[in-house]
Amino acid sequence: MALAREESSPLFAGTAAGTLRLIIYLALAMVLMVLDHRNGWIWRLRYTTSVLVEPVYRLASLPAAGMRTLSVAFSDRKALTEQNQRLREDLLLANAKLNRMAAVAEQNERLKQLLDTQHSLDLNVQLARVIDVDLGSSSHRLLVNLGSHDGVKPGQVVIDAHGVMGQVVQVMPRTSLVMLVTDPDHAIPVVIERTGFRTVAYGTRQGDLLSLPNISMAADVHPGDKLLTSGLGGRFPPGFPVGEIQSVEPAGSGMFLEARARPAADLDRSDNVLLLHDLAEPVGPPEPAVPAGPPADLAPAPAPAGSVASPARAAVAPAASTSAATSNPAVQP
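Position one of the sequence shown corresponds to residue 148 (our numbering), numbered consecutively onward.
In short, the hints are calculated from the structure, not lab data. In this text, a Cβ means the ideal position worked out from N, Cα and C, and glycines have one as well.
Once the Cα atoms are required to be at most 16 Å apart in a straight line, the calculated EDC-like pairs of lysine to aspartate or glutamate come out as:
| no. | residue 1 | residue 2 |
| --- | --- | --- |
| 1 | Lys373 | Glu340 |
| 2 | Lys373 | Glu391 |
| 3 | Lys259 | Asp413 |
Derived CB-CB ranges, DEER-like:
| no. | residue 1 | residue 2 | range |
| --- | --- | --- | --- |
| 4 | Gln393 | Gly302 | 22 to 30 Å |
| 5 | Leu245 | Asp281 | 26 to 34 Å |
| 6 | Asp281 | Pro320 | 16 to 24 Å |
| 7 | Pro397 | Leu240 | 53 to 61 Å |
| 8 | Ile278 | Glu405 | 34 to 42 Å |
Using the sequences and the accompanying hints, generate a full structural model.
Laid out in structure tokens, this is it:
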């Protein structure tokens, strides 16, 4: 065992050579410490060595740093992708809510206009919602959510806040079919507001115009004239807006003028309409008329009983007495 210890640590061997070697090493260490303390050689050597060894450290740590960078990059990319997706969804949801709010605000404004029309004209109406629209080439009609169970009858006039839309042509238990004024089979008596000229407006196949044929060549009709219901026929009450004339030109025959008018009602945008009911007939006898004549306090006093005087004489007597008093001033009244 002693031999093994000597072989493993020859520096501390018990021989004279080993002791001499130890003394030399200690002396060298002392010299190096003194030199390092005075001149800083060891620090310079350490600095130079660190400069040379640092690229080796960087090269050795490069795989680990690369893996860490890739991991962070992938995690950041995934987080950014998820965040971007959430932001896109939030943006779409916000836009949908904003559009819905705008639609609700517009619908509320249309309902307010309908209510204002009802209150300003003191009409007996029902509010109905449009549930279907048919604006084909051969028919222009609406389907509303009120029917016979709600008191709707064929022939009722349908209006919106801007004017006449049409009339009810078919009534089901819970729904009703409305023919628009632009339907090719529809006609409405109208009067030009500016001149009072009466004519009839017909629907056309264009869907957004009314036709006024057979206008006299001498009639005073110009673009921009307002059309109102004339009340003729008893179906449409007078005074409701129907449209505005857009153009006036000679008809194909050359004997009449033909005008085109744009409807006043929002036929393609109205979501709610008003069904106009006939005004209720007065109940009972009419009120007595107010008697005409002078007020009661200015009426002449009644003649005494037993005296009979003709109306002509009674009217002349005050004039005669007045003239006598004027000719004779001495006469006291």
